[in-house]
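Here is what each chain is made of, one letter per residue.
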Amino acid sequence: MSQGNRPGGLTALAVINFVFGGLGCLVLVGLFMILGAADQVTEGQVTADVASSGSVLFPLLFSVITVALLIVSGIGYLGLKKGMGFKMGNLYAVISIVGSIVSIIMMSQGFSIGNIIGFIYPAVTLFLLNTTFKEDFVN
Amino acid sequence: MKQLNFKHIRIIAKYHMRFSLRNGSGIVFLLLTLTTALIVASMFIAPVESMVDGLNDMDGMETQMTAGEMINEIGQSEEAESAVDWLVGADSEGKFLLRDKPALLSCIMLIILMLLPYLVSFGAFNQFSGDIANRGLRFILLRSERINIYLGRFVGTVFFCLITVVMSLVLLVLYIQFKLGVYQGIDLWVWGLQGIVAFFLLCLPFVALCSWISGSIDSPFGSLTLCLLTVGFPGLLLMMMNIYAKKDFFDKFWPTGWKYGILNSNFGTVALSAFILLAFTAFFLFIGLRSFQKRDL
Numbered sequence: 001m002s003q004g005n006r007p008g009g010l011t012a013l014a015v016i017n018f019v020f021g022g023l024g025c026l027v028l029v030g031l032f033m034i035l036g037a038a039d040q041v042t043e044g045q046v047t048a049d050v051a052s053s054g055s056v057l058f059p060l061l062f063s064v065i066t067v068a069l070l071i072v073s074g075i076g077y078l079g080l081k082k083g084m085g086f087k088m089g090n091l092y093a094v095i096s097i098v099g100s101i102v103s104i105i106m107m108s109q110g111f112s113i114g115n116i117i118g119f120i121y122p123a124v125t126l127f128l129l130n131t132t133f134k135e136d137f138v139n
Numbered sequence: 001m002k003q004l005n006f007k008h009i010r011i012i013a014k015y016h017m018r019f020s021l022r023n024g025s026g027i028v029f030l031l032l033t034l035t036t037a038l039i040v041a042s043m044f045i046a047p048v049e050s051m052v053d054g055l056n057d058m059d060g061m062e063t064q065m066t067a068g069e070m071i072n073e074i075g076q077s078e079e080a081e082s083a084v085d086w087l088v089g090a091d092s093e094g095k096f097l098l099r100d101k102p103a104l105l106s107c108i109m110l111i112i113l114m115l116l117p118y119l120v121s122f123g124a125f126n127q128f129s130g131d132i133a134n135r136g137l138r139f140i141l142l143r144s145e146r147i148n149i150y151l152g153r154f155v156g157t158v159f160f161c162l163i164t165v166v167m168s169l170v171l172l173v174l175y176i177q178f179k180l181g182v183y184q185g186i187d188l189w190v191w192g193l194q195g196i197v198a199f200f201l202l203c204l205p206f207v208a209l210c211s212w213i214s215g216s217i218d219s220p221f222g223s224l225t226l227c228l229l230t231v232g233f234p235g236l237l238l239m240m241m242n243i244y245a246k247k248d249f250f251d252k253f254w255p256t257g258w259k260y261g262i263l264n265s266n267f268g269t270v271a272l273s274a275f276i277l278l279a280f281t282a283f284f285l286f287i288g289l290r291s292f293q294k295r296d297l
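Chains A and B supply the protein sequences, listed in that same order.
Everything in the first sequence is counted per the numbering used here, starting at 1 for the first residue and increasing by one.
Everything in the second sequence is counted per the numbering used here, starting at 1 for the first residue and increasing by one.
Keep in mind the hints are simulated off the structure, nothing from the lab.
Heads up, the beta-carbon is just placed ideally off N, CA and C, and yes, glycines get one too.
Hints may contain errors.
[As the list claims (entries may be wrong)] So the derived label-pair ranges between C-beta atoms look like this:
1. A:Val-19 / B:Ala-279: 39 to 45 Å
2. A:Val-19 / B:Met-167: 20 to 26 Å
3. A:Leu-57 / B:Met-65: 34 to 40 Å
4. A:Leu-57 / B:Glu-79: 41 to 47 Å
5. A:Thr-131 / B:Phe-283: 33 to 39 Å
6. A:Thr-131 / B:Phe-178: 49 to 55 Å
7. B:Leu-278 / A:Thr-131: 32 to 38 Å
8. A:Gly-114 / B:Glu-79: 24 to 30 Å
9. A:Gly-114 / B:Ser-265: 50 to 56 Å
10. A:Thr-11 / B:Phe-139: 19 to 25 Å
11. A:Phe-32 / B:Gly-54: 18 to 24 Å
[To be verified] Covered, in the sense of this in silico footprint (three residues per stretch, anywhere, with C-beta under 8 Å from a C-beta of chain A), are these stretches of chain B:
12. 26–40
13. 43–52
14. 111–121
Bound-form chain A, shown alone (with noise of 0.2 Å):
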């Protein structure tokens, strides 16, 4: 299959994928000027509380790795390609939703209804990558 007959969804889901990536890039930027800012008032303690924290590092680190999936998988879908798209898609999904999970249950708020639209869109990449997509990755 040649890159003319990428289906218009794969299209949308990438572009999706970059709208939401670079809104989470955005975020992290200006939560890492934040930090370092605060940083240099208090001498490095917040970044020593931050890595001491698991409440702050987990959510942290679980956007890094979610930003980064969905800009590769992303670039991986308009190429139609099996391992940075399908692959890569897949394990966007996966961790998004594990992750949410892990969130629900660390929260002492436990579930609301906010949780549930955190899973809408990995919850549809999982179901589309793997039903309505699931051929289209040739390359």
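We have chain A; now place chain B onto it with these hints.
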């Protein structure tokens, strides 16, 4: 009408439903609808949930109410009732929607009904325009008649929209039932079912309108723009005419004016609204089909 073939319509509808997910518009519609429905729900639920959590976290301020009970209490208030009366445009409907029926689900369904015509445009704008632009429809025309293609894709789009909307509503009802747990399960599901019927009936005229636009234009982007404008603009204009002329009938000239009628307490109003929405559908389908049968593909 001799060319009408229900087997062809069924096959085309089935294929179009599957194909909707393969092209971008179906995915965008699916994600938009699910996200919108949940965001609307979270507008009502999340502030109360965090308020209850906040009260429970404060020493000596533990509330005796759960989030669900508090939402129900707010729903029973006179302020909420008058807000719903104003939105629906009928004086006694607030009491029916908020006290006789599960209030939270009523509020969520009212807002989704308001947004549904715009959401439907995203799912229905590319029924024909893309295939007309790339001349793909000519291959299908070798195997079936225009009327079957037109009706098949219309039916396929309606069912795709319906499945998506049902998924959203089922998610919400499950959340309300199991997480908030303030309403009787049977009341919630029966009311949810009526909501699905309302969504389905409101989808019909707008999908038919989008079929007409999509069959007349050979640019998917142009079709989306025109669909959104045509779906929204007349309704808003007629609503403004209502406000300026201090009358309440101008908006009845457009399907959006009948959207809340299907959730009415009076069965006559429900039946009349359903009939009018079906009549709008038949009208849009008729003129859309006429234009599609005459145009160069």
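How the hints compare with the structure:
Between A:Val-19 and B:Ala-279, the C-beta spacing of about 40 Å keeps the proposed range 39 to 45 Å intact. In this structure the supplied range 20 to 26 Å holds for A:Val-19 paired with B:Met-167, their Cβ-Cβ distance being about 22 Å. Remark: the range hint 34 to 40 Å for A:Leu-57 to B:Met-65 is upheld by a beta-carbon distance near 36 Å. One distance hint, 41 to 47 Å for the beta-carbon pair A:Leu-57 and B:Glu-79, holds here, with the actual separation near 45 Å.
Checked against the given bound of 33 to 39 Å, the beta carbons of A:Thr-131 and B:Phe-283, roughly 37 Å apart, stay inside it. Under the hint 49 to 55 Å, the C-beta atoms of A:Thr-131 and B:Phe-178, about 27 Å apart, miss the expected range. Under the hint 32 to 38 Å, the C-beta atoms of B:Leu-278 and A:Thr-131, about 34 Å apart, fit the expected range. Our hint of 24 to 30 Å for A:Gly-114 and B:Glu-79 holds, since their Cβ atoms are close to 26 Å apart.
In this structure, A:Gly-114 and B:Ser-265 break the distance hint of 50 to 56 Å, their C-beta atoms being roughly 33 Å apart. The supplied range of 19 to 25 Å is met by A:Thr-11 and B:Phe-139, whose beta-carbon atoms lie about 22 Å from each other. At roughly 29 Å, the beta carbons of A:Phe-32 and B:Gly-54 sit outside the given window of 18 to 24 Å. Residue count for the region 26–40 of chain B with a Cβ under 8 Å from a Cβ of chain A: 9. That meets the three needed, and the coverage hint holds.
Counting residues of the region 43–52 of chain B whose C-beta sits closer than 8 Å to any C-beta of chain A gives 4, which meets the bar of three, so the coverage hint holds. By the rule of at least three residues with a Cβ nearer than 8 Å to a Cβ of chain A, the coverage given for the region 111–121 of chain B is violated, with 0 such residues.
Going down the numbered hints, you'll see the structure goes against 6, 9, 11 and 14, while the others check out.
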